[in-house]
Structures are given as structure tokens and as C-alpha cells.
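Engineer: Residues per chain are reported as follows:
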Amino acid sequence: MTTPKEFRHQLRELFDSQQLAVLATDAGGRPYASLVAFAATDDLTRLIFATTRATRKFANIQENPHVSLLIDSRSNQVSDFRDAVAVTAMGSAAEVSSDDWSPLRDRYLKRHPHLKSFVDAPSCALLRMNVAQYYLVSRFQNVTAWEISP
Amino acid sequence: MNLICELDDIRPGDETRVGGKAVALARMAADAMAVPDAICLTIEAYQWFVRETGLQGRILLELNRKVFEEMRWEEIWDTALRIRHRFLHTPLPESLRAAILAPIRERFSGRAVVVRSSAPGEDAAGSSFAGLHDSFVNIQGLDSILDHIRLVWASLWSDRALLYRRELGLSTTESAMGVVVQAVVAGEVSGVAFGVSPSDPSQAVVEAVYGLNQGLVDGDVAPDAWILGREDGAVITHRPARRENAMRPMTETRGGGVHLVPLTEKERSLPPLSPEKVSMVFDLVRAAEKHFGVPQDVEWTFRDDRLFILQSRPVTAGAGADDSRAWYLSQHRSFENLKALARRVKEELLPKMQETAQEMASMDLSGFTDRELASEIGRRRTVYSEWKQVYWDEFIPLAHGIRLFGQVYNEAVQPEDPFAFVDLLKGTDMLSLRRNRMIREMAGMIRADDGLAADLASGELPAGGPFAAAFDRFMDRFGTTAWGSGVVQDRDRVIRMLLSLARLPEEGLHDAAPRRTEDMEASFLECFSGEARVQAREMLAVGRESYRLRDDDNIYLGRIEGHMRTAVEIGRRRLAAPHPGGDPEGRGLLTAALKEDDTGVPAPPAGGTAGTDDRDPSLKARQIVGQPAGPGLVRGRARIISGPDDLFDFQAGEILVCDAVDPNMTFLVPLAAGVVERRGGMLIHGAIIAREYGLPCVTGVPEAVQRIATGDEITVDGYLGIVIRHFALA
Numbered sequence: 001m002t003t004p005k006e007f008r009h010q011l012r013e014l015f016d017s018q019q020l021a022v023l024a025t026d027a028g029g030r031p032y033a034s035l036v037a038f039a040a041t042d043d044l045t046r047l048i049f050a051t052t053r054a055t056r057k058f059a060n061i062q063e064n065p066h067v068s069l070l071i072d073s074r075s076n077q078v079s080d081f082r083d084a085v086a087v088t089a090m091g092s093a094a095e096v097s098s099d100d101w102s103p104l105r106d107r108y109l110k111r112h113p114h115l116k117s118f119v120d121a122p123s124c125a126l127l128r129m130n131v132a133q134y135y136l137v138s139r140f141q142n143v144t145a146w147e148i149s150p
Numbered sequence: 001m002n003l004i005c006e007l008d009d010i011r012p013g014d015e016t017r018v019g020g021k022a023v024a025l026a027r028m029a030a031d032a033m034a035v036p037d038a039i040c041l042t043i044e045a046y047q048w049f050v051r052e053t054g055l056q057g058r059i060l061l062e063l064n065r066k067v068f069e070e071m072r073w074e075e076i077w078d079t080a081l082r083i084r085h086r087f088l089h090t091p092l093p094e095s096l097r098a099a100i101l102a103p104i105r106e107r108f109s110g111r112a113v114v115v116r117s118s119a120p121g122e123d124a125a126g127s128s129f130a131g132l133h134d135s136f137v138n139i140q141g142l143d144s145i146l147d148h149i150r151l152v153w154a155s156l157w158s159d160r161a162l163l164y165r166r167e168l169g170l171s172t173t174e175s176a177m178g179v180v181v182q183a184v185v186a187g188e189v190s191g192v193a194f195g196v197s198p199s200d201p202s203q204a205v206v207e208a209v210y211g212l213n214q215g216l217v218d219g220d221v222a223p224d225a226w227i228l229g230r231e232d233g234a235v236i237t238h239r240p241a242r243r244e245n246a247m248r249p250m251t252e253t254r255g256g257g258v259h260l261v262p263l264t265e266k267e268r269s270l271p272p273l274s275p276e277k278v279s280m281v282f283d284l285v286r287a288a289e290k291h292f293g294v295p296q297d298v299e300w301t302f303r304d305d306r307l308f309i310l311q312s313r314p315v316t317a318g319a320g321a322d323d324s325r326a327w328y329l330s331q332h333r334s335f336e337n338l339k340a341l342a343r344r345v346k347e348e349l350l351p352k353m354q355e356t357a358q359e360m361a362s363m364d365l366s367g368f369t370d371r372e373l374a375s376e377i378g379r380r381r382t383v384y385s386e387w388k389q390v391y392w393d394e395f396i397p398l399a400h401g402i403r404l405f406g407q408v409y410n411e412a413v414q415p416e417d418p419f420a421f422v423d424l425l426k427g428t429d430m431l432s433l434r435r436n437r438m439i440r441e442m443a444g445m446i447r448a449d450d451g452l453a454a455d456l457a458s459g460e461l462p463a464g465g466p467f468a469a470a471f472d473r474f475m476d477r478f479g480t481t482a483w484g485s486g487v488v489q490d491r492d493r494v495i496r497m498l499l500s501l502a503r504l505p506e507e508g509l510h511d512a513a514p515r516r517t518e519d520m521e522a523s524f525l526e527c528f529s530g531e532a533r534v535q536a537r538e539m540l541a542v543g544r545e546s547y548r549l550r551d552d553d554n555i556y557l558g559r560i561e562g563h564m565r566t567a568v569e570i571g572r573r574r575l576a577a578p579h580p581g582g583d584p585e586g587r588g589l590l591t592a593a594l595k596e597d598d599t600g601v602p603a604p605p606a607g608g609t610a611g612t613d614d615r616d617p618s619l620k621a622r623q624i625v626g627q628p629a630g631p632g633l634v635r636g637r638a639r640i641i642s643g644p645d646d647l648f649d650f651q652a653g654e655i656l657v658c659d660a661v662d663p664n665m666t667f668l669v670p671l672a673a674g675v676v677e678r679r680g681g682m683l684i685h686g687a688i689i690a691r692e693y694g695l696p697c698v699t700g701v702p703e704a705v706q707r708i709a710t711g712d713e714i715t716v717d718g719y720l721g722i723v724i725r726h727f728a729l730a
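From first to last, the protein sequence lines are chains A and B. Letter by letter, the first sequence follows residues 1 to 150 of the numbering used here. Letter by letter, the second sequence follows residues 1 to 730 of the numbering used here.
No lab work stands behind these hints, which were simulated from the structure alone. Certain hints may be false.
Far from chain A, some chain B residues (derived; all Cβ distances over 10 Å) [said to hold, decoys possible]:
hint : residue
1    : Gly57
2    : Asn64
3    : Val67
4    : Ile227
5    : Met475
6    : Asp490
Just some of the chain B residues that point at chain A, by a computed CB distance under 8 Å [unchecked claim]:
hint : residue
7    : Leu55
8    : Gln56
9    : Leu60
10   : Leu61
11   : Leu170
12   : Thr173
13   : Asp616
Quantities reported herein were computed from a predicted structural model and do not represent experimental measurements. All C-beta atoms, glycine included, are put in the ideal place defined by N, C-alpha and C.
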């Protein structure tokens, strides 16, 4: 079995290789999925993404902060069943507070420099997700869980 | 698309288009050497087939269930069987069928053929992997030819090929297989020839048998051998064989096949080759060498005095002669070889083992002097290690009988479940099931009799009556059996086990699944006619013998080990006790006997300690992929069994999780709701017993006893081979 160190390494490798993640929010009892550009903090305890305040996902998070994020490395080939990994993160999301805003914004823009004007627009909200658990799926069906202590 | 081609169309360097064997045949044909009439399916045909039918994805999933390095040979064999089964179950798409059928019909309608593998790189100089892929001899009828083409394709993923996957460069997305369909030349005499002898570079070798050379290649027919000077071809020695049989085509069977037929008196007395013909074969192998530039290993046959070359490849020392994989390859036995082995095991070895154990049981070691005991300990160690060797040399290879039967069954019946054949084998009454029945009976007596339970709990065994009789009978048959870690299942342990079993309700016990194999057997045999049916019946018998032995042998060997350990234990106790006025020399001998290393006793099963340094409670396995070994789905509480003492805590309805099911654990299986095991395979003890009781079973679960803990809520998915641990979210 992988050690926590290897596990974190696998997560970092995946997060470095992917720009986009699928975000699931609660639309009044019904799941709602959307694609977001994401970044992770170095310690992997927080995931960052941005959205304009008028979006449905932003409204959903305001109502219920519990969210899930899926990050995967599929390439749309049959070999995905062997090579692709997928990580499901579970946790709660909220708009980044003014204390954290500057380091998290820098972190996010380092990953997605082309989104600078988007993130800096007054209508855009920067969100951070505090991760409670990660599930890593590899080789199609092997699943390992990592509980993040608060 | 170029799916099928003539030998004339093949050019040197076409290995990647048609495979090595086809190119070699084409080159010899172009050089006017006598090769049988043949056509070749290109590797494009293979690629089209696996792409169009989605097989490529299935192969990929099968091969990547687990990290290859974590798979045991047994699991690799199971994987190869499942892939082969997928090929059997995937018909040729109509367009592909039409494209290849016409040329085959035109050429071979009404003729028997050999369907040979021709993998790219297979026979390249210096990397000969002869025998890793399959070829089929004497195949008749268009449908049968098409079926065997799929089997040859499947053998790209044979267990042998998978072992050499790195050397072969096997890749699920890139690898492909060409096929040669070649007329059978049913020669009167056939054989092989080596341009250079593997044991002496100044010599060449010619080997010859009557009939087809299938018998020689498989080792079922001993050949006459001639050693010749490599330069001048002069015969140095001729080693005649004990000529008995010849492998010949089956004539009265639809679909073809080959079988052993006794030789005539005349054939027995005459070498299969005259001196002139030996020279002709020598000239042929030298011509092939000149042609290909390196010494060749050729298969040839004489028909009506005409010498045909069937195939030619570079001489090598053989695949992997220098590593443990060679041992695995040597476990592949031909049917004739297995038949003889099964007979020997059943009629000679098992009775002898039983006799040995009984003789040891009948000795009263307490009456032995120190000197006698010392020599008895030494003797038992030797006897045990000799039987252990027999176990490896003769019992384990016999397990191949199960595999061989499995292949034959799957080809004939084509069932949905590639392991359905196991049901046909398990009709035999295994020792461990008999033992479980006896245990259950005794537990029932205790359950019904509080007085008896109390007596036993206080260490008293009743002097007479039905329980005492049953107990004696049990100890006589199954007592004194060693546990994997070296603990002997002695009197006290058996009583403890019975008491804990008696505390559990009778209803919690599973019965061994009822068997209805008569229909299954009949429909299997109906797939064959004539001589082939006789052979199928024999294969079933050998398969059953292998299956039963697969389980029983552990018990037989465990008993001898148990008696060896009992003697050691008595010696230890004696040395620990005061011994005024004893024989000092005898003591010395006893001390020396006990010091000797226990021969080949396995290390205790890994407990929950391995790799704990890196363990972190925040990281948990949620879903672990192993091998599906017993169909069914169950959710329950896990109980880890890693030593004899864990046995007594087992509760009915728990899921048994262990490193490897030891024969001494099997009495728990009828109590369990499911079985999870680290050791992988469909045909291992745990899987066989779980299947007998109809329990969901997953084997080959990496680090099962480390990743799962007693008390965990788990689901055993025996259909897909997955174990899921349930835990609440924080």
C-alpha cells in the first residue's frame, strides 16, 4: 500500500498535470456539476477555484457549502482504464476572506496566469475548499482514502 | 486491408507484418526447400479483430487489475485463462470472417491443417521464445480452423508469454499476432534437428520418432537420437529409444486432433531413420543454417521418402533457462505425462505417505531412550524433507491437470464462466470436507450435552461413549497436523476448537454446495466423438485427481510434518526436565538433534507488522482489487486470522480474512460469510473450499491482513474480485 508521502506525491503530480476539475454542488437537493479551473495549496488541504457571483454554482455554495471536486487524468483512450487516476475531494467551500485573499490569489494565478483579469474582476469570487477527505482511484477500481485532520 | 497473404507475397523484413515464423517459411519456400502448403494471416487481421470487437479494452482491463509484479504465477495463469476465454467467446465479425474464409476454403477445404502462431520477434535470432504461444495440429473443417485461429491469437497472452512480457515487449495496445495455416504433412517419421548441439558446439543432433513430431515435442514419445559431427555429418553415436507409441492424427473424430497409438512389432525393432535418411536430415539443417546465417533448430517430417521442413528457428538455450520462470514453464505437462503422474501419485505416493504417517503415529516416543529419540528426530526430519521434495516435484506439477482440463472444457463447452469447469471437478470427496463433517458432528454432540461440555472445558475427555470414539477417530485421521507456522494441531487445540464451535448456533453453518454434475459431465462428453471422447473422459479423470490432490496433499504432508514436530517437542520437554542418573551421551545426542535447523519450515505468516513504519491512520484502503475466486456478494464483519490462536475467536457470520487459508483453518470456512485471502488464484486451497461451500471469495488481495482489521465492516464482491471497506466520513 502507498505511504502517505507517496500518496501526497501522487496527488501533487495529478494536480500539476490538470487545469480543470469537475465541481459538484447541491442545487436544492439535486446534484449540480460544473467545470472549474483549480489550484491546490502546497499542503493539499485546500483547493482553490474562482467563479462569478451570478453563477448557479456560487448560489448553491451560498446555500450549502458541502461540495465535491473531481480531478482526473483521463485521455479519452481505452488505456485510461489502466493509466488514468481520479481523485475525489470532499469538503466545504467558502469565499476567500480578505486575510487569505492575497496568498491564495497568487497561488491560483501562478497556476492559471491567463485568468488574471477574470479573478481580479469585482464580479468574480475566489473560493477555497477545505478538504476533509481525498479518495484516489487508480487502475480502474483501487480506491484509497485520505482523511485530512482539521 | 491486407488480412491474408501467400508465402510468395512475403519478403524478408516482413516480420512486423506477418510474424517471424511466416517469414522463415516464406524464405525457405522461395529457396525451393520443401515446405508444406500454407497461407498466412497478417497481424493486421489480429488488430482488426481486437479493435472491432472491443477485445483490446477487455485485455487491457484483465492485465491491469493488479500491478503485474504483485501477481503470483497462479494469478497469471488465471488471467491468461480469462483472456483466452474472451477470445473463445468473441465471434469473428462477419466482414473479417468473409475476408479470410474464402482463401482458406479455396486452399484447405477437406484437408487437415496446422494452425501456428507467428508472433513478430518471436523467433528473432538470439531471442527465441519457442513454445510461449500455441500451435494446433491436425485441425479439420473450416469452422474449427477459424476457432483455432482465435485460440492462436489468444495465445499472444498465454501465461507463458505473460511471464516473458518484458523480453517480448508485450503491450496491450501494440502487440499483435500473425497466424500460419499450413497443410498437415502426416509423415511416417518426424523429428527435430539441431544444427549445433546445445551441449557440445562441435556436434549436431538429429532426433526422430514414428508418426507426427507432436509426440516428441511434448515429451510423450521418446526419440531415437543421433549425435553427428557438426562439420562432416558423420554419426558419432546413435541412442535408440524404447519405441512404444506414435502420435498420429485422429481419423474418426470431427474437428481432428492427435492421439497416441501403439507401434507395430516391426516399428519397435527398427530405428525410425536409416543412415541415409539421417544424412538427409543433417543436410537439411545445414542448408537451413546456410540460409538463415545462424545454426537452426528445425522440425521436419518424411512422407513417401520426401523430406519436408515444417519450421526453422535459431538454436537457443531455451527461454529463461537461467531463472525461476523456467521452473514454471516446466510445470506445463502434456496430457500423457499427467496421466502417468496421476497414476503414480494415487497408487504409489499417497498410500506411502499415509503409511509413513501411520507408522509414526503408532510409535510411543515416551518409551524411547534419549539416544533413540535423537535418532528418531533426525529420521523424521529427513523423511519430512524428502516428502516435501516429492510435494514440489510431483504433486505441484499435477495441478496442471486442472488447468489442462479447464482449457479443454472451455474450448468444447464454451460456458459463460471460464471457471465453470471447477464444478465438474469438485464432485470428489476431499479430505478437508470429510474433516469438517467430523468436526461438525463432534461439536453437535457437545452442544447437546452440557455435562460433556463442562468436562471438556476442565480438560477431561470421557473415557468411553460415542464422543470419545468420534474424537479418537478424528485424532487418528487428522490430529497431529502442522499449522503453517509450525504449531501442531494437538489434542488440546482440537478440544478448544470443538468447544468454541459448539458455542455457535448450528444454523450458522453452511453446507457444502450440493452438486449436480451428471448433466454437466454428459454435455461435456457429448462435444466429442470416437477416440476424442475417450481422451476427454481420461482428461476429466486426471483433472479430478489433480483437483482432489490439490487439497489433500496439504493434509498428507501436514501430518508428516506434525509427527516430526511432535518428536521435536517431546525431545525439548525431556531436555528441560531434570534427569538424574541419565545417559550423558544420549542427552548430548538429543541436544544435538534438537539444534539442527528445522528443514525448510515456512516462516510464520506475516502479521500486521510489515511496513508499519509508514502506516498512517489517516490513509485507508477503501476498495482493494484482487481476483474473483468465488461468485457472490456479502457484507459483514472482518476477522483476521494470522495464527492458530485467532481461530478460537471466530464468530459465525464473520468474513475470514487471512494471508493464506491453511488447511487447519478450513473448519472455519462453513462458519464464515465470505473469504478474503492475500495469496491469489482460483485454484488455491482457500478458493477451492470457499467454492465448495458456495461462499463469496476474493483472493490475491495485496496486503490483505495489513489493510483490513478485525472488526472492519467490509463487502466481499466475489463476482468482480473486489473488497470494499466501509467507514463513516469524518
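Engineer: If a hint holds in the structure, say so; if it doesn't, say that too.
Structural biologist: Verification of the hints:
1. Annotated as non-interface, Gly57(B) brings its C-beta within 10 Å of a C-beta of chain A; the closest such distance is 4 Å.
2. The claim that Asn64(B) is not at the interface with chain A is violated, since a C-beta of that chain comes within 10 Å of its own (minimum 4 Å).
3. A cut-off of 10 Å between C-beta atoms contradicts the statement that Val67(B) is not in contact with chain A; the least separation is 8 Å.
4. The claim that Ile227(B) is not at the interface with chain A holds, since no C-beta of that chain comes within 10 Å of its own (minimum 50 Å).
5. Even its closest Cβ contact with chain A, about 42 Å, leaves Met475(B) beyond 10 Å, as expected for a residue assigned away from the interface.
6. Distance check on Asp490(B): its Cβ is at least 37 Å (rounded) from any Cβ of chain A, clearing the 10 Å threshold; non-interface status holds.
7. Among the interface hints, the one on Leu55(B) is violated; its C-beta lies about 11 Å from the nearest C-beta in chain A, farther than the 8 Å criterion.
8. Against a cut-off of 8 Å between C-beta atoms, the interface hint on Gln56(B) holds, since the closest Cβ of chain A lies about 6 Å away.
9. The closest approach between the C-beta of Leu60(B) and any C-beta of chain A is roughly 6 Å, which is under the 8 Å cut-off, so the hint is satisfied.
10. Interface restraint check: Leu61(B) against chain A, minimum CB-CB distance 5 Å, threshold 8 Å, status holds.
11. The beta carbon of Leu170(B) is not positioned within 8 Å of any beta carbon in chain A (closest approach about 13 Å), and the interface hint is therefore violated.
12. Hint on Thr173(B) holds. Least Cβ distance to chain A is approximately 6 Å, under the 8 Å limit.
13. Satisfaction of the interface hint for Asp616(B) is found here, the shortest Cβ-Cβ separation to chain A being roughly 4 Å, below the 8 Å cut-off.
Checked against the numbered hints listed earlier, the structure breaks hints 1, 2, 3, 7, 11; every other hint is satisfied.
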